[in-house]
Amino acid sequence: MFRHTPLRVAALALLAVAGIGYAFGASYFGLEILTEIAILAILVLALDMVAGFGGMVSLAHGALAGVGAYGYAMLQAQAGVAPPIALLGAIGLTGALAWAIGAVCARSHGIYFIMATLAFGQMAYSYIFETPVFGGDDGLGGISRLDLSVLGLDLMDSRNFALFCLAMVALAYAACAFVLRSGLGRSLSGVHESEQRMRALGLTVWRVKAHVFGLSGMIAGLSGALAAQHIMYVSPGLLSWTVSGEALVVVILGGLGTLVGPLVGAAFFVVLKHEVGAITPYWHLVTGLVLIAVVMSRANGIFGALEAWVGRRRAARQPQPLAKEVPGNA
Amino acid sequence: MLETRNLDKSFGAIHVTRDVSLKLERGERRVILGPNGAGKTTLFNQLTGEIAPSSGRIILDGADVTALPVAQRARAGLSRSYQKNTLFDGLSVADNLGLAAMVAQGRGMGLGRDGLLHPEVRETVEEVAAQLRLSDHLDARVSEISYGMRRQLEVGVALATRPKVILMDEPTSGVGPEMAKGFHDLLAALPRDLTLLIIEHDIDLAFAVADTITVLNYGEVVFDGLPEAARGSSLLKEIYLGSWEDA
Amino acid sequence: MTHDAGFWVLQALNALQLSMLLFLLSVGLTVIFGLMHFVNLAHGALYALGAYVAASVAGAWGGFWVGLIVAPIAVAAMGVVLYGGLIRRMRRSGPMAQVLVTFGLIFALLDLTRIIWGDVALASDVPALLEGQVRLLGVDYPAYRLFVIGLGLAVLAVLAFVLGRTQIGAMIRAGVDNDAMAACLGIDVERLFFVVFCVGCALAGLAGAVAAPLLSVTPDMGLQILIPVLIVIVIGGLGSLKGAIAGALIYGVVQTFGAVLAPQLSSVLIYALLALVLVTRPTGLFPAKG
Chain B
1 MFRHTPLRVA ALALLAVAGI GYAFGASYFG LEILTEIAIL AILVLALDMV
51 AGFGGMVSLA HGALAGVGAY GYAMLQAQAG VAPPIALLGA IGLTGALAWA
101 IGAVCARSHG IYFIMATLAF GQMAYSYIFE TPVFGGDDGL GGISRLDLSV
151 LGLDLMDSRN FALFCLAMVA LAYAACAFVL RSGLGRSLSG VHESEQRMRA
201 LGLTVWRVKA HVFGLSGMIA GLSGALAAQH IMYVSPGLLS WTVSGEALVV
251 VILGGLGTLV GPLVGAAFFV VLKHEVGAIT PYWHLVTGLV LIAVVMSRAN
301 GIFGALEAWV GRRRAARQPQ PLAKEVPGNA
Chain Y
1 MLETRNLDKS FGAIHVTRDV SLKLERGERR VILGPNGAGK TTLFNQLTGE
51 IAPSSGRIIL DGADVTALPV AQRARAGLSR SYQKNTLFDG LSVADNLGLA
101 AMVAQGRGMG LGRDGLLHPE VRETVEEVAA QLRLSDHLDA RVSEISYGMR
151 RQLEVGVALA TRPKVILMDE PTSGVGPEMA KGFHDLLAAL PRDLTLLIIE
201 HDIDLAFAVA DTITVLNYGE VVFDGLPEAA RGSSLLKEIY LGSWEDA
Chain S
1 MTHDAGFWVL QALNALQLSM LLFLLSVGLT VIFGLMHFVN LAHGALYALG
51 AYVAASVAGA WGGFWVGLIV APIAVAAMGV VLYGGLIRRM RRSGPMAQVL
101 VTFGLIFALL DLTRIIWGDV ALASDVPALL EGQVRLLGVD YPAYRLFVIG
151 LGLAVLAVLA FVLGRTQIGA MIRAGVDNDA MAACLGIDVE RLFFVVFCVG
201 CALAGLAGAV AAPLLSVTPD MGLQILIPVL IVIVIGGLGS LKGAIAGALI
251 YGVVQTFGAV LAPQLSSVLI YALLALVLVT RPTGLFPAKG
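Protein chains in written order, with the UniProt record's numbering: chain B, 1 to 330; chain Y, 1 to 247; chain S, 1 to 290.
Among the hints, erroneous ones may be present.
To be verified - Simulated restraints, written as ranges between beta carbons of each label pair:
{"hint": "1", "chain 1": "Y", "residue 1": "E228", "chain 2": "B", "residue 2": "Q196", "range": "10 to 20 Å"}
{"hint": "2", "chain 1": "Y", "residue 1": "L138", "chain 2": "B", "residue 2": "G141", "range": "32 to 42 Å"}
{"hint": "3", "chain 1": "S", "residue 1": "L276", "chain 2": "Y", "residue 2": "E178", "range": "54 to 64 Å"}
{"hint": "4", "chain 1": "S", "residue 1": "A60", "chain 2": "B", "residue 2": "D138", "range": "17 to 27 Å"}
{"hint": "5", "chain 1": "S", "residue 1": "A272", "chain 2": "B", "residue 2": "L14", "range": "44 to 54 Å"}
{"hint": "6", "chain 1": "B", "residue 1": "P281", "chain 2": "Y", "residue 2": "G106", "range": "32 to 42 Å"}
{"hint": "7", "chain 1": "B", "residue 1": "G277", "chain 2": "S", "residue 2": "L276", "range": "54 to 64 Å"}
Stated by the list, open to error - Far from chain Y by the CB rule (all over 12 Å, computed), these chain B residues:
{"hint": "8", "residue": "P6"}
{"hint": "9", "residue": "T280"}
{"hint": "10", "residue": "A299"}
{"hint": "11", "residue": "R314"}
Since the hints were made in silico from the structure, they are not lab data. Remember, it's a predicted structure, so these values are computed and weren't measured experimentally. Here a beta-carbon is modelled for each residue, glycine too, at the ideal position from N, C-alpha and C.
Assemble the whole structure, with the sequences as input and the hints as a guide.
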């Protein structure tokens, strides 16, 4: 059940200050990393919404982001649609596709759900790879960024674009929090706990799953459309299942079902990748070992461990809540 | 209020329920008795739609619901509790009741404000918690409260949907006699227009709440009538043997 | 394109050869899942390891045949290490944690093979005995590919015999059906897991050794094969030997004939089929449990 604890609010404030502060202090290379973090953060927010709060562990989210990227590229660069409309179009298209995937996969659970989403993700990958209009292996270029000159912002400037992406992270976070706190989001938490009971209470379970998956897909689409604008080029590799796998790793590293954790995870993952990548070409080995260590430690990622630690300290300082449990156990 | 006509469920040659016809009036409190394996829970599952009957009809509040899915029957006013706790274990008592009230009030698909913070939802949560003496434990997680309280919450979740009919599957199974007695007092205090169909093992407790008694054996209704008449029934004696003598 | 009898025979043999390779990989994975409810995503990485070991051994020492024997043993040894270090400790964790740990293993093993063998693709030769073509049913077919088909069928026969007719097979079937019950019957389930896990790893190594001369040996070959293998076992039904055979045959036929008959659709076809199976039969065609 999603709730804002003081710790989460504090972590969000800290992340916001750090992100904006870094954006004004960083070099070109630092800004590129910041933008990469922001785009990944939006994708993992979308994934945490379905996986962390609905138990829908999706391996289609990388492909969904890719659909958003190609949607933007096709609309903006190929069809010549104005960038803001193209952005909305890409988000809508991805959301519709995600809704359909969610509706079809709603009956599957556990490993079968993972496989079903993987299948749909790979279908999208293969379709885009094989269809000539999408440029095949070569991808599509000539993509423009949004024109925000009315606000006095030139998004071709990497600092401005990084700040724009940070604003989009804030927007995506607000959207996720909004959905998770709504009746729909609360229903999703109930479905995660007991599908059978929610059905017996009168809830049409598949619809809840499909709706949230669709909304999550829209956010993934935003992430993809931003990625397309960032590198101004799209290729089928964006839809590869390993992107979904990495996104899942980031969610787990940060803390599944905390929404704040995945933001921390995204920053940690991208920085780790670049720092380790600078020392050795074998950054996958380090990432793999870190992932194994995190999962085997049984903590819920970095932020989950922090929350558990803070919770223990508070319990140690105030014995009252423990005493309150006693009649419950009697 | 709730009626079954010739309800039949068979797996191959085995009839789990056979030709079950029941009729519950509004506000009636009926207890279903019967030995293990008599088909009581299977009957409940057919009533709620969790399994489909092989033949026969189910009528809820004048409408044929035989073909309706679980959720739609629930929305039509049919609620249930389970023999094995089916709660939202990771959530608090308040959230358990809140989800039930929220879904039943049609706020489970909304995208507006917090579904659990709606005044109507909170009001229901507080009322049901007070009814079941859970008010002091609203913030506790399900995993933190006692087993007896979880059994009560199991019924509370069903109550929070403000149903017309509640099916309770052995609401006091596994709790001590004191708590079971207290629980039946709680049931007696429920609004009189609420229709209750209760599976109960303990015959004394059954007679304490029942307006009418139905006895199932091998999936068939072998007795259907007033508790006084059931007391004299030799069939019941046969089925329950020793435990019956003390009543 | 001539759609004569020879064409069909050739494609059918190609389909069968692909199926057998996938079968060698999927059978270990699916039985491990059936018995332990453990999805080992690193199974593909073990296959890649098998291919590397086989190619290196073949190059340095005794040629293909020595590699074919050494690779399964080496990968089984790796399996022992993994089981002792990771898998045993993850037995009581949820499926999500297991998937993630083995996902981490993919990353780690991927780079380990790169560190040991480098990024350059390793070539491995077909053994002299199996060079050339064999005339079969009116077509010339590479002898080595026939060998792969034969090996797959032989492994299938051995497994069917062990699972169906021996005591350990009966124990495995009991474990797949209900591991708690099997433990009650006095079966040492933990040891059974260990044995099955190692045999599964050895089969992955064998598949890698067999695949080495067919494909180029690269670090990411494990990643490339993982998705087809997962599709095979999910279509077939997790945990069942019958499912692994059916899934492998379906995949081989759809992929091979799809590529020649409807090239523009072929890549989407298998995923569409998987989606269809999952929607209509959410637990696969031959689920291990009724």
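Do the hints match the structure? See the list:
1. Y/E228 <-> B/Q196: 10 to 20 Å: Given about 38 Å between the Cβ atoms, the range is violated.
2. Y/L138 <-> B/G141: 32 to 42 Å: 58 Å, violated
3. S/L276 <-> Y/E178: 54 to 64 Å: 57 Å, holds
4. S/A60 <-> B/D138: 17 to 27 Å: 40 Å, violated
5. S/A272 <-> B/L14: 44 to 54 Å: 46 Å, holds
6. B/P281 <-> Y/G106: 32 to 42 Å: 57 Å, violated
7. B/G277 <-> S/L276: 54 to 64 Å: 41 Å, violated
8. P6: Correct as stated: the minimum Cβ-Cβ distance to chain Y is 16 Å, above 12 Å.
9. T280: 41 Å, holds
10. A299: 17 Å, holds
11. R314: B/R314 is indeed farther than 12 Å from all Cβ atoms of chain Y, at 15 Å.
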